[in-house]
Amino acid sequence: MHSGVPQGSILGPLLYTIYTADISQSDTTILSTFADDTAVLTTNPDPTLTSANLQDHLRTIENWTRKWRLKINDTKSSHITFTLRRGHCSPVYINQTVVPQAEMDKYLGLHFEKCLTWKNHVATKRKQLDLKTREMYWLIGKHSHLSLENKLLIYKTVLKPVWTYGKELCGCATKSNIAVIQRYQSKFLRSITNAPWYVSNQTLHSDLHIPYVHTVFRERTATHRRPWTRTQTLSWNH
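Position one of the sequence shown corresponds to residue 20 (my numbering), numbered consecutively onward.
Keep in mind the hints are simulated off the structure, nothing from the lab. Just to be clear, a hint being listed does not mean it is correct.
Pair by pair, the computed Cβ-Cβ distance ranges are [unchecked claim]: (1) 109 / 142: 41 to 47 Å; (2) 195 / 151: 21 to 27 Å; (3) 157 / 78: 31 to 37 Å; (4) 217 / 129: 34 to 40 Å; (5) 233 / 123: 19 to 25 Å; (6) 87 / 213: 37 to 43 Å; (7) 184 / 44: 24 to 30 Å.
Below, a list of computed lysine-lysine pairs in the DSS-like style, where the Cα atoms sit at most 30 Å apart [stated by the list, open to error]: (8) 186 / 146; (9) 161 / 133; (10) 133 / 86; (11) 90 / 161; (12) 90 / 133; (13) 186 / 138; (14) 179 / 133; (15) 194 / 146.
A virtual CB, placed ideally from N, CA and C, is assigned to each residue, including glycine.
Based on the sequences and whatever the hints tell you, model everything.
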């Protein structure tokens, strides 16, 4: 083996961290790495300067990858502009190849859209919740003999983490998108308790000590909010 780190070994993650520890940094961009998923972000009111800063950093990364014989996967790279304005920032290049521009990108399980409404992310998580709920319905359904305490435990440990993952970011979603998750939670609580129609959702949440979805999001997003102007993200797999 002439370069890189072998996969599947116990020391693999530690060796990879050491191997990529000297990856190029920049004062005008933010570099985010997790295993072989890397994102470069930069923000500026001027879209031309934004692209220029991003391109400068990419050039130094190109030199670094050539030095350590790493190949960037062009087919999995994407370039997205986060803005409420029309249009996109200027194209950027990797190894003289234009990075495809996209309206939405997925990074570490989060679906980032151009306007950061989180609509696509919430829709995806709702589908995952429905699928997991159907798979376990025999265990958590209203006809199951499992105790209510254990049904709630399954919800908190298996189902709730699906929509709370990344809540520091996606918790800034619009009220209509947050309501999508809230409807699922209310429906689930009504199902496991086999509550009649006249029992309100407020009573279910209060009696079961389950906070509303918007409350969970608000508690975690308050300290993570910052103003966004024009931001670009580039992600790829080595």
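Going down the list of hints, with the structure as the test:
About 31 Å separates the C-beta atoms of residue 109 and residue 142, a value inconsistent with the hinted range of 41 to 47 Å. In this structure the hint that residue 195 and residue 151 lie 21 to 27 Å apart at CB holds, the actual value being about 23 Å. At roughly 56 Å, the beta-carbon separation of residue 157 and residue 78 lies outside the given 31 to 37 Å, and the hint is violated. Between residue 217 and residue 129 the Cβ separation comes to about 39 Å, which falls inside the hinted range of 34 to 40 Å.
In this structure, residue 233 and residue 123 meet the distance hint of 19 to 25 Å, their C-beta atoms being roughly 24 Å apart. The beta-carbon spacing between residue 87 and residue 213, approximately 60 Å, falls outside the hinted interval of 37 to 43 Å. The given range of 24 to 30 Å is respected by residue 184 and residue 44, whose C-beta atoms sit roughly 28 Å from each other. As the CA atoms of residue 186 and residue 146 are separated by approximately 17 Å, the hinted pair is consistent with the 30 Å bound.
Annotation: proposed proximity of residue 161 to residue 133 is violated, straight-line Cα distance about 41 Å (limit 30 Å). Distance check on the hinted pair: residue 133 and residue 86 sit about 34 Å apart at the alpha-carbon level, beyond 30 Å; violated. Of the pairs offered as hints, the one joining residue 90 and residue 161 is violated, with about 53 Å between alpha carbons and a cut-off of 30 Å exceeded. Of the pairs offered as hints, the one joining residue 90 and residue 133 holds, with about 28 Å between alpha carbons and a cut-off of 30 Å not exceeded.
A C-alpha spacing of about 14 Å is found between residue 186 and residue 138, which places the hinted pair at or below 30 Å, so the restraint holds. Using a Cα cut-off of 30 Å, the hinted pair residue 179 and residue 133 holds, with the two alpha carbons roughly 26 Å apart. For a cut-off of 30 Å, the pair hint linking residue 194 to residue 146 stands: about 19 Å separates their Cα positions.
Hint compliance for this structure: hints 1, 3, 6, 9, 10, 11 are not met, and every other hint is.
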